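Keeping their order, the protein sequence lines are chains F and A. For the first sequence, numbering that gives the first Met the number 0 gives the first residue as 0, with consecutive numbering after it. For the second sequence, numbering that gives the first Met the number 0 gives the first residue as 0, with consecutive numbering after it.
Just so you know, these hints were derived from the structure itself, not from any lab. Quick caveat: nothing in here was measured; it's all calculated off a predicted structure. Just to be clear, a hint being listed does not mean it is correct.
Claimed, not checked - For each label pair, taking beta carbons as the anchor points, the in silico distance ranges come out as:
id: 1; chain 1: A; residue 1: L61; chain 2: F; residue 2: K267; range: 45 to 51 Å
id: 2; chain 1: F; residue 1: H133; chain 2: A; residue 2: P203; range: 54 to 60 Å
id: 3; chain 1: F; residue 1: D140; chain 2: A; residue 2: F47; range: 37 to 43 Å
No residue lacks a Cβ here, since even glycine has one placed at the ideal position from N, Cα and C.
What follows is the residue order along each chain.
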Amino acid sequence: MKKIKLKNIFIHIILISVCILSLVPLLWLLSTALKGRSENIFAYPPIFIPRDFTLDNFKEVLKLVPIVKYVINSFIVAISTVFLNVILSALAAYPLARMNFKGKKIAFFSILATIMVPFQTIMLPVYIITLKLHLCDNYSDLMGYLGLIMPFAVNAFGIFLLRQAFLTIPKEIEESAVIDGCNSFQIFYKLLLPMIKPSLALLAIFTFIGSWGEFLWPSIILTNENLYTLPVGINNLSSAFSADYRLVAAGSIVSIIPIIIFFLALQKYFISGTTEGAVKG
Amino acid sequence: MDLKKSIGAYLFLLPAGIVLLVFFFIPFFQTIYLSFFSYSNDVYKPEFVYLGNYIELLKSPLFLKTILNTFYFLILCVPFLVIFPLFLAILINQKIKYKNIYKILIYIPVVISIVVVAIAFKWLYAPEGLLNFFVEKLGFAPIGWLSDPKVAMISVALVTIFKGVGYYMMIYLSALMSVPNELYEAAEVDGAVGFKKHMLVTIPHIMPMIALVSTISSISALKVFVEIYVMTKGGPLNSTKTIVYYIYEKAFENLDLGIASAGAVILLFIVMIFSVINIFVFEKDKYTL
Numbered sequence: 000m001k002k003i004k005l006k007n008i009f010i011h012i013i014l015i016s017v018c019i020l021s022l023v024p025l026l027w028l029l030s031t032a033l034k035g036r037s038e039n040i041f042a043y044p045p046i047f048i049p050r051d052f053t054l055d056n057f058k059e060v061l062k063l064v065p066i067v068k069y070v071i072n073s074f075i076v077a078i079s080t081v082f083l084n085v086i087l088s089a090l091a092a093y094p095l096a097r098m099n100f101k102g103k104k105i106a107f108f109s110i111l112a113t114i115m116v117p118f119q120t121i122m123l124p125v126y127i128i129t130l131k132l133h134l135c136d137n138y139s140d141l142m143g144y145l146g147l148i149m150p151f152a153v154n155a156f157g158i159f160l161l162r163q164a165f166l167t168i169p170k171e172i173e174e175s176a177v178i179d180g181c182n183s184f185q186i187f188y189k190l191l192l193p194m195i196k197p198s199l200a201l202l203a204i205f206t207f208i209g210s211w212g213e214f215l216w217p218s219i220i221l222t223n224e225n226l227y228t229l230p231v232g233i234n235n236l237s238s239a240f241s242a243d244y245r246l247v248a249a250g251s252i253v254s255i256i257p258i259i260i261f262f263l264a265l266q267k268y269f270i271s272g273t274t275e276g277a278v279k280g
Numbered sequence: 000m001d002l003k004k005s006i007g008a009y010l011f012l013l014p015a016g017i018v019l020l021v022f023f024f025i026p027f028f029q030t031i032y033l034s035f036f037s038y039s040n041d042v043y044k045p046e047f048v049y050l051g052n053y054i055e056l057l058k059s060p061l062f063l064k065t066i067l068n069t070f071y072f073l074i075l076c077v078p079f080l081v082i083f084p085l086f087l088a089i090l091i092n093q094k095i096k097y098k099n100i101y102k103i104l105i106y107i108p109v110v111i112s113i114v115v116v117a118i119a120f121k122w123l124y125a126p127e128g129l130l131n132f133f134v135e136k137l138g139f140a141p142i143g144w145l146s147d148p149k150v151a152m153i154s155v156a157l158v159t160i161f162k163g164v165g166y167y168m169m170i171y172l173s174a175l176m177s178v179p180n181e182l183y184e185a186a187e188v189d190g191a192v193g194f195k196k197h198m199l200v201t202i203p204h205i206m207p208m209i210a211l212v213s214t215i216s217s218i219s220a221l222k223v224f225v226e227i228y229v230m231t232k233g234g235p236l237n238s239t240k241t242i243v244y245y246i247y248e249k250a251f252e253n254l255d256l257g258i259a260s261a262g263a264v265i266l267l268f269i270v271m272i273f274s275v276i277n278i279f280v281f282e283k284d285k286y287t288l
C-alpha cells in the first residue's frame with residue numbers, strides 16, 4: 000500500500016509541473032498586463048505578483064483598439080461557420096451513410112480526397128476566387144463576413160464524423176419509419192438527426208474553436224479593420240504597440256477570455272470526445 | 000437504386016458539393032494550372048513555361064532550405080508530440096484524484112488562438128525575458144531564442160509542442176480507456192508491474208493510436224505557419240522559413256503566382272505521402288465505403 004501512495008505522489012508531482020508549464024506563458028502575460036507604468040517589466044529578478052497593481056492597461060488597450068468589435072466579429076464568423084458546418088455536413092453525411100445511389104463511390108472518394116489537400120496549398124486560388132465572387136470587405140460588411148466564412152462552410156472531416164455517427168444507427172429504425180410513410184427528408188430531419196446530437200455537438204465545438212483561432216485566411220482576405228477577427232486584431236496590436244508590452248499583454252488576455260469561458264463551460268465534451276473530433280488541425 | 004432515390008441523394012449532397020466545388024476543387028485544379036505559368040516578368044501577362052517553375056524551385060537554394068527547415072521542424076516536434084502526451088495520458092489514467100482538473104489545465108493551450116500563444120512566447124523569449132532569467136540563473140550565457148539562427152527553429156518548435164501536447168494527450172486518453180482491464184490483471188499475474196506492465200499491455204494495444212498521432216502531427220508540422228509569421232517572419236537568416244511561409248511570401252508579397260503554386264504542389268505531394276498512409280492504413284475503418 001505504501002508503495003502505491005508514494006507512486007501516486009510522484010505522479011501528482013509530474014502532472015502538477017506539467018500543468019504549471021502549460022499555464023506559465025499565460026500567467027506571465029497576465030502578470031505583465033497588470034503591471035503599472037512605474038514598474039519595470041524587465042525587472043531582474045522577474046516579479047510575478049505586480050507591485051504597482053493596476054487595470055489601466057486594460058482600460059487603455061480597450062480605448063486604443065476596438066477589441067470588443069473584434070470579439071463580435073469573431074463571434075459572428077465562428078457561429079456562422081459552426082451553423083453551416085453542422086447543416087451541410089449532416090446533409091452530406093446522410094446519403095453517404097444511409098442511401099444507395101448511382102455515383103456514391105465517386106462522391107465518397109471525391110470528398111475523401113479533400114482531406115489530403117491542406118488549405119495552405121490551395122489558398123492562393125481560393126483567394127482569387129473569393130475576390131472574383133466579391134466576397135470581400137471592399138464591397139460591404141456582409142460580403143466581408145461571407146468571405147471569412149464560406150471557404151470553411153464545410154469540410155470532409157465534419158462529413159466523415161457525422162457519417163460515422165449515422166452508420167451506428169440500426170437500419171430497422173429507418174425501415175419502420177418508411178412503413179409509416181415518411182420520406183427521406185423526414186427520416187433525416189425528424190428521426191436520425193436527433194439521434195446523432197452528441198456528434199453534432201462535438202462537430203460544433205471543434206468547428207467553433209478552429210474558427211475562433213483561425214489566423215491565416217482572415218489575415219489574407221481582410222482589408223478593413225472593422226471586420227478584423229480577434230487573432231488578426233491582436234497580431235496587429237502586437238506589431239503596432241511592440242514597444243509597449245503591457246498593452247499587448249492586456250489585449251491578448253482580453254482576447255482569450257471568451258474562449259476560456261466557452262471551454263470551461265463545455266469542458267465535459269472536450270474531455271470525452273477528442274478522438275472523434277481528431278485529425279483536424 | 001432507382002432514379003428518384005439517386006436524385007434525392009444528390010439533393011442532400013448538393014449544398015456541401017457546391018461549397019467544396021467552389022472553395023476546394025476549382026482552387027485545387029487552378030493551383031496545378033497556375034504552377035505551369037510564369038508571372039515573374041509581368042503579373043498581368045503570365046507566360047506558359049511548362050515545368051519551368053518546378054525546375055527553378057528545385058534549383059533554388061532558398062526553396063531547398065525551406066524544405067530542409069520544414070523537415071527539421073517536423074523532427075523537432077513530432078517525436079516529442081508522439082511520446083510525451085502518451086506518457087501524460089498513462090499517468091492521468093492511473094487511479095488518482097483530480098484527474099479532470101489535470102486534463103482541463105493541460106488542455107487550455109489547445110483552445111487558445113495560436114496567435115496569442117506565439118505572442119506570449121515572444122515575450123518569454125525576449126533577450127531580457129523570463130526564460131533567459133532562468134538560463135542565467137543556472138549559470139549559462141543568455142540564449143538568443145529568436146535571434147540565433149541555430150536556436151530559432153527549436154524555439155518555434157517549443158511553441159508548437161506547447162500548443163499540441165494537450166490535444167494528443169486527449170486522443171491517447173480515449174484510446175487508453177478502451178484497453179480492457181483484464182489485460183492488466185493478466186499481466187500482473189505474470190509478474191509484470193509498473194513500467195513493464197505498460198510496455199507489455201498498453202503500448203501494443205494502442206499502437207494504432209500512436210501511429211495515428213505520428214501521421215497527424217507530421218501533417219500539421221508540414222503546414223506550420225502562424226508561429227513563424229508571428230515570431231520570426233522566417234528569420235533570422237531564413238533559419239525558420241518553412242515551405243508554407245515561402246509559398247505565402249511568393250504569393251502574397253512578391254505576387255509570383257506561378258512559383259507559389261509550384262511550391263504548393265510540391266508541398267501537396269509531401270503531405271499526401273503522410274495522409275495516404277493515414278487514410279488507407281491507420282484510419283481505414285472510418286474511411287471505407
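Hint-by-hint comparison with the structure:
At about 48 Å, the CB distance of A/L61 to F/K267 agrees with the hint of 45 to 51 Å. As the Cβ distance of F/H133 to A/P203 is approximately 56 Å, the hint placing it in 54 to 60 Å holds. In this structure the hint that F/D140 and A/F47 lie 37 to 43 Å apart at CB holds, the actual value being about 40 Å.
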